[in-house]
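Novice: If you read the protein sequences in the order shown, they are chains A and B.
To convert, take the position in the first sequence, counting from 1, and add 2; that gives my numbering.
To convert, take the position in the second sequence, counting from 1, and add 2; that gives my numbering.
Hints are supplied without guarantee of correctness; some may be wrong.
Put simply, identical chains are the same to the list, so a pair is met inside one copy or across any two.
Said to hold, decoys possible - Calculated cross-link-like contacts (lysine-lysine; reagent style DSBU-like; alpha-carbon spacing at most 35 Å):
no., residue 1, residue 2
1, Lys590, Lys192
2, Lys148, Lys192
3, Lys538, Lys122
4, Lys192, Lys246
5, Lys601, Lys192
6, Lys601, Lys725
Because the hints were derived from the structure by calculation, they are not lab data.
Remember, it's a predicted structure, so these values are computed and weren't measured experimentally.
There are 2 protein chains.
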Amino acid sequence: MTTLRFRTLLALLAGFAATPLLAQSTYDQVDPMIGTGGEGHTFPGAVAPFGMVQFSPDTDTTCVLRACYSHAAGYRYEDPTIQGFSLTHFSGAGHSDLGDVLMMPVAGDTVPFEPGDAGKPGTGYRSRYDHAAEVARPGYYAVALKDRGVRAELTAGTRIGVARYRPTAGALPMHLLLDLRSSLYNYPGKVLWSSIRLRPDGIVTGCRQTRGWAPDRNLCFAIRFSVPLTGHAFVSTETDVAYKGFQGPGRGSDAVAERAGRALVARFDFGTTDRPIEVTSAISSVDEAGAIANLLSETGDFDAIAARTATAWHAALDVLRIDAPAPMQRSVATALYHSLLAPSVAGDVDGRYRGPDNQVHRANGYTFRSTFSLWDTFRAEHPLLTLVQPATTTRDIVRSLIASREHSPDGILPVWQFQGRETWTMIGYHAAPVIADAYLKGIRGFDADAALAAMVASATYAPYAGLGEYMARGYVPIDREPEAASKTVEYAYDDWTIARLARAMGRADVAATFAKRSENWRNSFDAKTGFIRARKSDGTFRVPFDPTAINYGSDYTEGNAWQYSWFVPQDQASLVRALGGDAATVAKLDAMFDFDTSKLDYSHAEDIAGLIGQYIHGNEPSHHVAYLYNYAGAPWRTQARLTQIVGSQYRATPDGLSGNDDLGQMSAWLVFTALGFYPVTPGSLEYVIGRPFVNRAVLTLPNGRTLTVISDDLDDRHPYVGKVTLNGVPVTRAYLRHDEIMAGGELRFVMQAAPNTTWATRPADRPYSSSSAR
Amino acid sequence: MTTLRFRTLLALLAGFAATPLLAQSTYDQVDPMIGTGGEGHTFPGAVAPFGMVQFSPDTDTTCVLRACYSHAAGYRYEDPTIQGFSLTHFSGAGHSDLGDVLMMPVAGDTVPFEPGDAGKPGTGYRSRYDHAAEVARPGYYAVALKDRGVRAELTAGTRIGVARYRPTAGALPMHLLLDLRSSLYNYPGKVLWSSIRLRPDGIVTGCRQTRGWAPDRNLCFAIRFSVPLTGHAFVSTETDVAYKGFQGPGRGSDAVAERAGRALVARFDFGTTDRPIEVTSAISSVDEAGAIANLLSETGDFDAIAARTATAWHAALDVLRIDAPAPMQRSVATALYHSLLAPSVAGDVDGRYRGPDNQVHRANGYTFRSTFSLWDTFRAEHPLLTLVQPATTTRDIVRSLIASREHSPDGILPVWQFQGRETWTMIGYHAAPVIADAYLKGIRGFDADAALAAMVASATYAPYAGLGEYMARGYVPIDREPEAASKTVEYAYDDWTIARLARAMGRADVAATFAKRSENWRNSFDAKTGFIRARKSDGTFRVPFDPTAINYGSDYTEGNAWQYSWFVPQDQASLVRALGGDAATVAKLDAMFDFDTSKLDYSHAEDIAGLIGQYIHGNEPSHHVAYLYNYAGAPWRTQARLTQIVGSQYRATPDGLSGNDDLGQMSAWLVFTALGFYPVTPGSLEYVIGRPFVNRAVLTLPNGRTLTVISDDLDDRHPYVGKVTLNGVPVTRAYLRHDEIMAGGELRFVMQAAPNTTWATRPADRPYSSSSAR
C-alpha cells in the first residue's frame, strides 16, 4: 500500500510537471454540481474518467416531483430528499434509465423497506439532506442523510463504486438497504427479473433484467462489505404471482441464501457500531463472475480508491489548464470533466461485454465502451476527445462501434447505445462521422476495411428509418417516414463522411457513390422559402409549412425549420449560395437569433430549452449555427453571437446548463468555444475560429506537445477578435487545421472592443466546404 | 455421406455382434407410446439416448382438457389435436414444464397465429391427427397433421432436433409457425422475456426466459432451414406494455430482423413447393452462440441424423436382449428405453452450461447432465445405469452433481434439478445415495473428497427442510416442518450412504457421525402402532393419526404411514425386529397389500395411482416394499406380490404405466424386476432376489462381460422360484452381490407352481441390514 501510494504521488507530480503550471489545477476548478439542476441532467456523484460505475444519489425515481425526464440522471438539485445511491447514471441524457442497484445506509433500529414518497420528506427510507453538507469533486461525493443518521461518502474506480457510511449519532445498529425494485424511471413491469445471493465468502451478487429504454438490459452486481454481516434479509414484495413454485431452503424466513423475483429488496446488518462501514460494489452486463472479477480488479480501501481516482482525474483534466475569470474557469473545467464521462467503459476487466444482440462477446486488445449518444456527440464531443485523450480512447470507441455492428441483429452501427444495448433513439448513422474523423486524424489500431464496410452497411440498410426511400429518391419522403427533413440532411452529411473515409482509403468507387449522396441535402432545400423542408413522395413539399412549429414526429427532429435549415456541414458554402449569398445568409442568421418567440409555446417539447430567438442552444441542431457567419464573410457576427450564447447559456451554478448535457456535447461545445475554435464539420480536419473566453489555456495534446491559447485584452469590453496569430504568424483565414493544432505552439488572439470586419472575410479564407474541395 | 453411412452400418453390425443374438433386437421391441396415456407422462417424440433435445408433439399446453399435471410431457394419447412440436420434454415427470420452442408446419395460404382451443379441434393452428398414421420409434416420430396438410417426421441427435415436413396435397405454400408464447404449462406471466432474430446466414436464433417450475430458466435456440426463406414475420402479441421504447429499423412491419418481448410468434415462409422441408433446431441454456455451436456439431440431413440416432439407440438398448412373451418383451424393452433418457445432457458441445446459480460454467473433461429427479431415481434408475451404461455415464452424473453443488447458492447438492436449475421439489438429499453407490461400485473419475464434502454439506445445511431441527433432535418435528415423518426416515437413509462412502474413503470420523445419524429412523418409529410417524418438538407423536390419510404437506410426502413405514433400506432387519419379528412383518405387509381401499378417496392427490391396497406402485415410496418379505424370511411372498404388481401395473399399451414414469424410475423397477433382482438398498452392493419375468435375457455389462438370465419353466402357472443358480452353483441366499453380477455368467431361475417356503429364509441368507454389517 505504501509503495502504491508513493507511486500515486509520483504520478501526480509527473502529471503536474508535464503541463506548465497555471494558478490552479483544473481538477480543483471542477464543480460536479453544475448541470444537476434545471434540465442539465448531470449527476453529482462519484465516477472515474469514463468509468463503468457512476455512483450517485437518486432523489426521485418515480417521477412524483416532476416528469421522469427531469430525473434522467437520478438526482435533481431542487429535490428535498435522497432516496439512495445507485451505481449507474447517464450524464445529461434526454431520456431516463439506469439507477441500478440502489443502496441506502440506515443507522438505528428501524429499517423501512419502502422508499416513501419523493413528495413527502420523512416517509420511507429516503432521507432529507442539506446542500451545505454536500461535497462533490471529481470521483468523490459526500452528503449527510439527516433522517437516516448517516454521513455517506462515495468514490468510484473504473469498474467499482465504494461507499463509506458513518453513523452521525454515536454507536447505533448499522444497516444497508438494497432495493432492486428501484430504477430510473420505474413504471410497472420494468423489472423483468432479478436475483440476489449471499455467497459463503460474504460477497453479495445478483443480476437484474429491466425493460426500459433499451429492452431487456441485463446487469449483474457484486458487493463486498468491510465488516462481517451480523444478519441479512432478502425479501420479495411481489404480488400477483401466478405460480410460485417450490420453496428452497429457509424460504420461509428472509435470511435465505438467495432470492429471485420481480420485486426484491435486501437488508444487510452490521451490528451496533460507531465505526464507518465501507461497501464496495461492481457491476457487469455479462454475469456475476464478471462483476466479481471487476470487484476484485481494483484493490484498496475507500481512501486508496479515492486517491487513485483523484490522480486519474488530475491526469485527465490537467491536460487543459485554464486561466479565466473564476465562473468561466469553473464552467470550462466542469465542461471538460463532463466530456470525459462517456462513451464509458462497458466491458468487464476480462474483456467480456454484452452486445446489441444481448449476447456475450469478448473484446480482444481493447476496452469495450458504450453509452453512445451519437446524434449529440459526433459534433464536438468526439472531436474534443481526439485532442484531450490518448489516441487509444478514440481507437477503443471505434473498435467498440465496429464490434457492435458485427453483433447487431440489423447489421448496422450503433445509433444510441448503452451497456451494449441499442435504444434506436434519435436519427442518422452518426457513428460514420465519428469513425471517419478518427481515421482522417490519423488514429489507427482498428480494422479500417471493417469500419468502412460497417458504415456502408449502415448507410444502405433499407429498413432503417426511411433509408430505402432515401436511396431510391435522394430524400426521405415525409408521407412515408416522420422527421423526413432532418433525416435527409443528416443522412447526406453522414454520407459525405463515408465518402471522405473511402477516398482516404483509396476506395474511389465507394467515395463516388457517397459523395453523390452527400448532395441530397439539396433535395430537401426549398429555394422559395430558404428552408430545409420535408418533401412528400410526390415530390412536393409538405404543406402547411410553419417554420416555427416544433412537434415530435413532425417534419423535423426535436426542432423546426429554423434550426434544421443550417445543417449542411459538408458544404455550408453551397448553402450560403443557395440562400442568396453572404448578405442574405447573415440576415437569415440574424433573423434566427433575433426572432421574437414571446408568443410561441414550446413547453410540450422537453428538449427545447436555451432559446435565443429560434436558436436553441439546449439542443444539438443549433450547436454549429453561431459559427456559420464565418461562411458568409462575417466572422465578427459569429464572435458576437458566441458572446451572447456563452453569456446566457452557461453558468457555474447547479442550473448552469441551458439544456441536457447530452453525454458531454453541451460541455464539449463550451470547451472548444472557450478555446476560440469549434469543429463545425467533423471529417473536414478543420476548426472554425470563433472567439476565446479564456485569458490563457494550455492544452497538452495526446502527442505530448502543448498548445497554448492566449487572449490578449480579453474582457467584457473586448468581445471581438482583432487579430489571430499561430506561433507568431498571423492567421488570416477563419479556420485552423487539425495538423496545426496538433503541432502545438502558441495560438494568440488579440481582442478588441470593435468588430474587425475585414479579418478572414474573403471566400478563400472561409472554412471547409465541398466546393472548396480541401 | 456414403462413407458415413457405411460406417454407420458397420457400427450397427458391430453392435449386433457384441451381444449374443436373440430373436429380435431390443430396439425393435420398444414402443415409445407406452406411458403416453393415463398418467404415465412419457412423450412419444424423437430423442437420442440422454439427449438434450426431446422433440415431441404437444397436444394441450393450456390445461384446457385436463389438469396441467396430465400434460406434464406435452402429449397425451387421449387428446384429439396436436398443437405443435416443441424441443424439450420431461419423461414421466409429476410436474409440468418445458415445451420450449413450439413449431407447427402449415401447408396453404392461411397461417393462424393463435393455437386455438385444445377442446375445440379445428380452431387455431393446431391440427387433428389419427393414431393410425402415427409412428413412434426410438429417435423417430411421424404423424399426419390433417388440418395443416402436412406429414411431419421428427428425429433428434444429442443436441438437435430435425423435422421433415412434407405437404400432403401437392404443391402448396409452405410455412412454419414458431410460437414462443407456448410452454408446458402456460399461465400468465410465465414468459419473462423472449427474443428472436434472423441472421444474415439464414439461421434463426433467440432466447426465452420462463418463470416456471424452476424460476428464471433461460433457453436459447438456433434453427436452420433446408431451403432459403421467401419471407418471414416476427410478431408481438403483447398488450399492456407500460413503456414501449423506441422502434428499431422496420419495426413498423413484421419482416424485421429481430424482435423481443413477452409474447412473440414467428412465421417462416418457404414458397410453394411439394418437396419436403427440413428444419434443424438446437438449444442451449447458455446463449445463442451455444445453440449455434450445438446446431453445427451434428451434421447431415434428416435421414443421416435419423440413421445415426437409430444406431445409437441400437447400441444403448441392445445391451439387454430380452426373450419373453411379446407384451412383456415390449414393456421391458420400452422400460429400458425410458430409463435411458435422464439425467439428460444439459451442457453445450463446448462444455458450457448454466448452473443452479443461473450463471454460466464450463464442464472440463466431462459432459454436464441435468434433469435430476433424485427422490425417484436414486432407488433403481441410477443402479440400473451402472449395469447398462458405460461407467462414464455415472461418472458424468456424479461430476455434474458435484459441480452443481459448487455453484449452488445454498452450497448443497441438487434436489430436483433440470437444465441446471433447481426446483426444490420433493425431499431428502438423495444425490448422496447416487454418489455413494457409484463410488462403492468402483466408479471413479471424480473428486471423491469433493463428493464427500458436498454430501456432508448437504446433510448439515440447517436451513434445508428441517435439517437444523433434525440435527439437533434426531428427527424432524412436525410442528416445525411439514412431511416430517418422511423427511426423518429419508434423511436417516441418506446419512447411512454418507457413512458408507466415508468409511470406504477411510474417513472414520465422518463415517461415525453419519452412521449414528442413520439410526434416526427409530426416532420416528412408533412401536405402539408399528408405523413410522411424525413426532412433534415436544417429543410426542402428532395426533390424530390416520395411517390412511394422504394430504400434501401432511406428516408424509405424497403418501401415508402405510407406505412410509417401510423406509429403512439401511436396516430393514431392525425394522422387522421392531415390528415384532418375521410373522408380524409378513402380516403387516399382507395387510398393506390386501387393504380394502374401496371406501377411500385419493383423487385429490395427483401422484397417488396404481393402488394394490395401500401399496401404491404409481409412486416411489412403495417401490421396494414387495421385496421386503425377503427380510422376514418369506421370499415366496415377495414373488407372489411381484406377480401381482407386474400383472396389474404394467401393460404394453399407451396407458400401460400405472403412474408417472418419473424420469425412468418406474421403468427401471420393471427392468430389474423382470431380470429377477432389485436394488432395495443402493449403497449396499446387494440386489434382492425376486422372481424373473423373462424367459431369457442377455445383459452386456459395461465391463464387456455378459450376464445371461434364464428362467426355466416360466409361465403363468409357474410364478414361484424353486431354485436359483449362478454359473451352476446354487444361490441359497435372498440376494446377489454387485461383484457377482459384474462377473457375468449365467443366472438361472427354476420356476415352479408352488411356493418354495424354505429357500433363503434363514436370517443369515437375508439381504443387507446394518445389523448384518456386510
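Novice: Are the hints correct? Go through all of them and say.
Specialist: Results for each hint:
no., hint, in the structure
1, Lys590 - Lys192, "neither (47 Å within a copy, 59 Å between copies)"
2, Lys148 - Lys192, "within (30 Å within a copy, 43 Å between copies)"
3, Lys538 - Lys122, "neither (51 Å within a copy, 49 Å between copies)"
4, Lys192 - Lys246, "both (20 Å within a copy, 11 Å between copies)"
5, Lys601 - Lys192, "neither (39 Å within a copy, 53 Å between copies)"
6, Lys601 - Lys725, "neither (40 Å within a copy, 110 Å between copies)"
Hints 1, 3, 5 and 6 from the list above are not met by this structure, while the remaining hints are.
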